[in-house]
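Peer 1: Taken in order, these protein sequences are the chains called R and X. Using our numbering, read the first sequence as starting at 1 and increasing by one per residue. Using our numbering, read the second sequence as starting at 265 and increasing by one per residue.
Treat the hints as calculated values from the structure; they're not laboratory data. Ideal Cβ placement from N, Cα and C applies to all residues, glycine included. Don't take every hint at face value.
[Unchecked claim] Within a straight-line C-alpha distance of at most 30 Å, the following computed DSSO-like cross-link-like pairs (lysine-lysine) qualify: (1) R:LYS192 / R:LYS122; (2) R:LYS121 / X:LYS409; (3) X:LYS347 / R:LYS112; (4) R:LYS116 / R:LYS168; (5) X:LYS409 / R:LYS116; (6) R:LYS116 / X:LYS499; (7) R:LYS197 / R:LYS77; (8) R:LYS145 / R:LYS3; (9) X:LYS554 / R:LYS112; (10) R:LYS255 / R:LYS197; (11) R:LYS237 / R:LYS192; (12) X:LYS347 / R:LYS111; (13) X:LYS345 / R:LYS77; (14) X:LYS499 / R:LYS122; (15) R:LYS145 / R:LYS197; (16) R:LYS111 / X:LYS345; (17) R:LYS111 / X:LYS499; (18) X:LYS499 / R:LYS121; (19) R:LYS255 / R:LYS237; (20) R:LYS236 / R:LYS145.
[Stated by the list, open to error] Residues from chain R that keep clear of chain X, each with C-beta distances beyond 10 Å, as calculated: (21) GLY32; (22) THR62; (23) GLU64; (24) ASN72; (25) ALA177; (26) GLN210.
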Amino acid sequence: MLKLNNILKIFNEGTIDEKIALSHVNLHLNPGDFVTIIGSNGAGKSTLMNIISGVLIPDEGTVEIDGQVVNNLPEYKRAPMIGRVFQDPMAGTSPTMTIEENLAMAYARDKKRTLKLGVNKKRRELFREYLETLHLGLENRLNAKVGLLSGGERQALSLLMATFTQPKVLLLDEHTAALDPSRARLITDLTKEIVEKHHLTTLMVTHNMQQALDLGNRLIMMDSGQIILDVPEEKKKDLTIEGLLAEFERLRGEKFASDRAILG
Amino acid sequence: MVHSLFGAFESGVIFAIMALGVYLTFRILNFPDLTVDGSFATGGAVAAVMIVNGFSPYVSTIAAFFAGLAVGAFTGILHTKGKINPLLAGILSMIALWSINLRIMGKANIGLLGHDTVISQIKSFFTSFPYPILFTMALLVFIIKLLVDWFLDTEIGLAMRATGDNPRMIRSFAVNTDNTIILGVALSNGLVAFSGALWSQSQGFADVSMGIGMIIIGLASVIIGEAVFGDRSIKRATLAVIGGAIIYRIVVAIALRVGLDAQDMKLMTALIVIFALIAPRLTASYREKKRRAERQKNASAGLEG
Ligand SMILES: Nc1ncnc2c1ncn2[C@@H]1O[C@H](COP(=O)(O)OP(=O)(O)O)[C@@H](O)[C@H]1O
Ligand SMILES: [Mg+2]
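Chain R on its own, in the form it takes in the complex (with noise of 0.2 Å):
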């Protein structure tokens, strides 16, 4: 479903800038496949998203969607594929328009955009029923300005936003990170009850390794643009953090830098 192959990446090439953030990174992902991916700040993890998304172009490699080299595509032509949440609550959707219009844009999104009304009676029950998913109340504010909600509402529409039309790769970077524990705690619930009631194909970016090694069929541990341990689901089911944690300082020789990874 996706594949990378040989990515390179390099910012600033030929200053004293000059920062390598993927080192020639190859990755198959399967249908339905879910993996998480942990990784030490600067590690590339970002990087990675960004190139499979289109907002950056690799300088080596290729970008392969069902089957598609998409490296030529730009962003707004690969989105119909892809469905992304980002870290910042407010990042993923529109603040001043209300919570029936951020809907009626995410389910534009494979569809070619017309002077149709966004918003009609039998796409408002749609979105009614799917805000139900959610179990927030939110399907009884429609009108309501999506600036208005917390940072975990919004954080939900956002995803639920994303999912909508069940993209091929969903990209999830660090969807819970800006959350408080508890609102965390729902949106990665959410996550996994959507991605697994639509087998959507899933990268999902987390400094919580204990989310990490409970969610996905699949773990993937990057430092310094590589991926340098990539587990594979019959041996996530006994992993533990700190195997987890042994392994990378067997393959790297050195402690993880875990300032800001949680580890419980």
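Use these hints to put chain X with the ligands onto chain R, whose structure you have.
Peer 2: Positioned in the frame of chain R, the structure of chain X with the ligands alone reads:
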């Protein structure tokens, strides 16, 4: 006085079309577009030249709208494809349009007296009706407002609103924000040029300098309107913008009445906009200060007691 008040209403509704255009860029796209000073005159120029060359005034006025579309699209392209900052892109268009408008007109001023215009035709059609221009123009503005409201609720319109609000997000929903910006700036200047065409016909002439200061008048209308009538929804805000344009013309009429010089009008307009931009912040910081002083007083009273 009553007569000049009706005159102010009349010009207010014509200017309201321009102000709706400014609303589209300034508020919806979050794109401060200065093309307006040029495109208003482009509208007047195109309509006047066509009218004196024997075209129907209706065709001429609609042609002015399309000329405005093209001019606006040019500014939009400068910004999106040329990566030129919005303010500078608008200024460049505005300056270029000065020469282009002179080329269109062939001279600095074209008189329309003795020619059939939209305005003269309305007047001769409703002879027994008081203030026919005011009422037909008000109706026209209202129809345009409804069209703008409708457009902003369509799938494309929603994408345009999100472009001004959160471009990163709407790109992730497969919208080419370059296109929505170009379309929005084009539509905005189409309305501005349409307004310029009607204005030149109601004045009886088109002048190459008729657009100078128009952007500030448009901004004043948007800001005054929103402050007086509120902007809680699009439908409310577009109505408010029309109200703001009319209030602006009434204020000008009164100012002239009490003896202000016509040449001071631009200064006055600028002062109104400056005041309207600063006032909300001033009142907020005043309230904040008062709140703090109150707390301090209560706290020290608590200490003593
Ligand atoms: N736009 C950019 N310009 C220059 N350097 C960048 C840019 N984006 C990321 N980097 C650098 O690339 C490296 C990887 O960044 P990132 O992918 O954001 O890491 P992560 O998400 O794993 O914390 C970091 O060293 C970061 O400083
Ligand atoms: Mg990151």
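Peer 1: State for each hint whether it applies.
Peer 2: Results of checking the hints against the structure:
{"no.": "1", "hint": "R:LYS192 / R:LYS122", "verdict": "holds (28 Å)"}
{"no.": "2", "hint": "R:LYS121 / X:LYS409", "verdict": "holds (23 Å)"}
{"no.": "3", "hint": "X:LYS347 / R:LYS112", "verdict": "holds (26 Å)"}
{"no.": "4", "hint": "R:LYS116 / R:LYS168", "verdict": "holds (26 Å)"}
{"no.": "5", "hint": "X:LYS409 / R:LYS116", "verdict": "holds (18 Å)"}
{"no.": "6", "hint": "R:LYS116 / X:LYS499", "verdict": "holds (18 Å)"}
{"no.": "7", "hint": "R:LYS197 / R:LYS77", "verdict": "holds (26 Å)"}
{"no.": "8", "hint": "R:LYS145 / R:LYS3", "verdict": "violated (38 Å)"}
{"no.": "9", "hint": "X:LYS554 / R:LYS112", "verdict": "violated (53 Å)"}
{"no.": "10", "hint": "R:LYS255 / R:LYS197", "verdict": "violated (38 Å)"}
{"no.": "11", "hint": "R:LYS237 / R:LYS192", "verdict": "holds (16 Å)"}
{"no.": "12", "hint": "X:LYS347 / R:LYS111", "verdict": "holds (28 Å)"}
{"no.": "13", "hint": "X:LYS345 / R:LYS77", "verdict": "holds (17 Å)"}
{"no.": "14", "hint": "X:LYS499 / R:LYS122", "verdict": "holds (22 Å)"}
{"no.": "15", "hint": "R:LYS145 / R:LYS197", "verdict": "holds (28 Å)"}
{"no.": "16", "hint": "R:LYS111 / X:LYS345", "verdict": "holds (25 Å)"}
{"no.": "17", "hint": "R:LYS111 / X:LYS499", "verdict": "holds (27 Å)"}
{"no.": "18", "hint": "X:LYS499 / R:LYS121", "verdict": "holds (19 Å)"}
{"no.": "19", "hint": "R:LYS255 / R:LYS237", "verdict": "holds (23 Å)"}
{"no.": "20", "hint": "R:LYS236 / R:LYS145", "verdict": "violated (42 Å)"}
{"no.": "21", "hint": "GLY32", "verdict": "holds (22 Å)"}
{"no.": "22", "hint": "THR62", "verdict": "holds (21 Å)"}
{"no.": "23", "hint": "GLU64", "verdict": "holds (19 Å)"}
{"no.": "24", "hint": "ASN72", "verdict": "holds (15 Å)"}
{"no.": "25", "hint": "ALA177", "verdict": "holds (18 Å)"}
{"no.": "26", "hint": "GLN210", "verdict": "holds (28 Å)"}
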